[in-house]
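We have chain D; now place chain F onto it with these hints.
Chain residues, written in single-letter form:
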Amino acid sequence: MALTKTEITERVQKVLDISRTTSYDIMEDFLEIIKETLEQGEDVMISGFGKFCVNEKKARKGRNPATSKEMTLPARRVVTFKCSGKLRNMINND
Amino acid sequence: MNKLELISVLKQRSDLTKTEAAEVVQIFFDSLTDALSKDERVEIRGLCSFFIKEYKSYTGRNPKTGAKVTIPAKKLPFFKCGKELKERVDY
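Top line first, the protein sequences correspond to chains D and F. Its first residue numbered 1, the first sequence is counted upward by one per residue in the working numbering. Its first residue numbered 1, the second sequence is counted upward by one per residue in the working numbering.
Keep in mind the hints are simulated off the structure, nothing from the lab. It is possible that part of the hints are untrue.
[Stated by the list, open to error] Derived lysine-lysine pairs resembling DSSO-like cross-links, with alpha carbons at most 27 Å apart: (1) 56(F) / 75(F); (2) 18(F) / 14(D); (3) 51(D) / 68(F).
All figures in this text were calculated on a predicted structure; none of them were measured in a lab.
Bound-form chain D, shown alone (with noise of 0.2 Å):
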């Protein structure tokens, strides 16, 4: 079973004593902050977890896989992660 927002809001709710709508709205504005940031162009940065990088990518030729017909790939904003080292050591059991 994969963890979901569900599952951390009911801790939240549980660690804080509030109510299930309260954790949920706790829950979105979180994430929306990490996702405005993002969007802004900003990293976000969590120690002992890792980095939220936004990349920008070059426009670059392509093909289309299914027609090989060779197409340009418009320049595109991305974002991708940085595993902290701690959180490395933790999922290998070192």
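Then chain F, alone, in the frame of chain D:
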């Protein structure tokens, strides 16, 4: 933006105390770390999902000295950007 700034913005927006805001941020990232440590998938709608990818051991080279080194097998979290975030970040 770092963790402290995130806490301070959340404190204002959700009208929480600093301790509460710090707790929310901590619970969130601890939950993710915990799940990933157990090889569990994480799926946060609109933001991102993570799953653990296993990488086999391989022989690499130290780019500076050219010496051969064996890179041991490892696991890394694989990040996949959520649809909403992807669309909002792109131009």
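**Report entry** Hints not upheld, ascending by number
**Finding:** 3
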